[in-house]
Structures are given as structure tokens and as C-alpha cells.
Amino acid sequence: DGGITQSPKYLFRKEGQNVTLSCEQNLNHDAMYWYRQDPGQGLRLIYYSQIVNDFQKGDIAEGYSVSREKKESFPLTVTSAQKNPTAFYLCASRGQGEQYFGPGTRLTVT
Amino acid sequence: AQSVSQHNHHVILSEAASLELGCNYSYGGTVNLFWYVQYPGQHLQLLLKYFSGDPLVKGIKGFEAEFIKSKFSFNLRKPSVQWSDTAEYFCAVKMDTGRRALTFGSGTRLQVQP
Chain A
1 DGGITQSPKY
11 LFRKEGQNVT
21 LSCEQNLNHD
31 AMYWYRQDPG
41 QGLRLIYYSQ
51 IVNDFQKGDI
61 AEGYSVSREK
71 KESFPLTVTS
81 AQKNPTAFYL
91 CASRGQGEQY
101 FGPGTRLTVT
Chain B
111 AQSVSQHNHH
121 VILSEAASLE
131 LGCNYSYGGT
141 VNLFWYVQYP
151 GQHLQLLLKY
161 FSGDPLVKGI
171 KGFEAEFIKS
181 KFSFNLRKPS
191 VQWSDTAEYF
201 CAVKMDTGRR
211 ALTFGSGTRL
221 QVQP
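Chains A and B supply the protein sequences, listed in that same order.
Quick note on numbering: the first sequence equals residues 1 to 110 in the numbering used here.
Quick note on numbering: the second sequence equals residues 111 to 224 in the numbering used here.
Hints may contain errors.
[To be verified] Quick partial rundown of chain A residues pointing at chain B, CB under 7 Å, derived from the structure:
| no. | residue |
| --- | --- |
| 1 | G40 |
| 2 | Q41 |
| 3 | L45 |
| 4 | E98 |
| 5 | P103 |
Calculated from the structure, these hints are not laboratory results.
Don't be surprised by glycine CBs; every beta carbon is placed ideally from N, CA and C.
Bound-form chain A, shown alone:
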């Protein structure tokens, strides 16, 4: 069963802690993406990767970091430098010209 998995579904952290969100795909897609979804703002691009060992900043990369060591995996770290980290995070991969989305991780930082 092909698709994109994100874990965990809900994540709670204390302010000042870094946290890593997982994204795995078995669709054999080269390109992967991280978006942040906030009410009334749609999806905003954080980072994207066109190929293994390469990634680019999106529109709101400050306070986030990524790695792309394997084709299947594109983890996102939300660092303590991110001023407003509480949000819904969506991972996607691209194939045949369209993006496929994972179920998302809702991060709450208090």
C-alpha cells in the first residue's frame, strides 16, 4: 500500500525544545516538501527537496531545518528559534506532476 506516513499524529513539546517530525514515503518520488498549515493562511512552504542530499528553503524556513539522506525520508526539525511553532505540519511528495500529501502532524508547543 503506497503512500506517505507522518508520525506522530499529535506532538506536544515545551518551549525551548527542538522537535523532529517524521515523513516517510514509499512512492519512489524524488521530490519531497514540508508545509505548515495555519487557520486562514492556507499552506505555506517551509522546505523542499528535489533529490537526495539536496534541499532548498521555502517561504518560511526560519527556525526549521531538514535533512534528506534517503530518498524515502525527509524529516523536519522545529528548533527553539521558531517563534510560533504550534501548527499543523504537512509533508508531501511529487510524482506525475502532482503532489501527494501525508496525514499531517499537529504540533503544540507550550
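We have chain A already, so just place chain B on it with the hints.
Here is chain B on its own, set in the frame of chain A:
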């Protein structure tokens, strides 16, 4: 900067009413256009897409959209909505800027009343 606008933030309709959601983008080059839907508690999924050719595209669940290049628009339509269409709808555009990522609109929350 390139942007995508969805002017209707929250739409409330009765079942069987017709739907039209607006989407406009600000970019003069070649675009690929998408409408995604997010049902409550579910993944974001693709409704329809336009790459080239016939500007009227049909998608799943009876939805269609029309690309009007002169108006930089890609409005979503459905002749008769159902309660199950209650969801949030996102317009997205890929622009030929070299960045192979989508730019999303802010979304429209559709509520269909039985």
C-alpha cells in the same frame, strides 16, 4: 511576489445549491493549476488539475474548474452540492519560476447544510 488569492473564506450553502469558489493568481508566466480538498480529519487530496489543453477540466465527485488565462483565474464549480462536500478547499499554482513547489491560496471552508 507571486501569490494565490481565494476571496471566499467561508461559504455556507444548502444541499442542491450550485457552488463556485474563486481562485486568482498573480503571475504572468506558464502555470499548472490545482484544486485540493481537505475533508474533516482526512488527508489533503487532489480534486482536479490543469496543465494544458482544454481550459475546462473535470475532476472527481462532479467538480469542474475553468482556467481563464486573461483573468488569471481558475474557479471551481459544482452544479449541485451535497452535505458530504463539506470541507476546506485549496487552490494551488505551480509557476514556471524554477521552484518546483506549489503556492497555495488561504483556503475556503465550505459548509453544506442538509
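Against the structure, the hints come out as follows:
1. The criterion of a C-beta within 7 Å of any C-beta in chain B is met by G40(A), whose closest approach is roughly 6 Å, and the hint holds.
2. For the restraint placing Q41(A) at the interface with chain B, the shortest Cβ-Cβ distance is roughly 6 Å, inside the 7 Å limit, so the hint holds.
3. A hinted interface residue such as L45(A) counts as satisfied when its beta carbon comes closer than 7 Å to some beta carbon of chain B; here the least separation is about 5 Å, so the hint holds.
4. Nearest Cβ of chain B to the Cβ of E98(A): about 6 Å, under the 7 Å cut. The hint holds.
5. For the restraint placing P103(A) at the interface with chain B, the shortest Cβ-Cβ distance is roughly 5 Å, inside the 7 Å limit, so the hint holds.
Comparing the model with each earlier hint shows no violations; every hint is respected.
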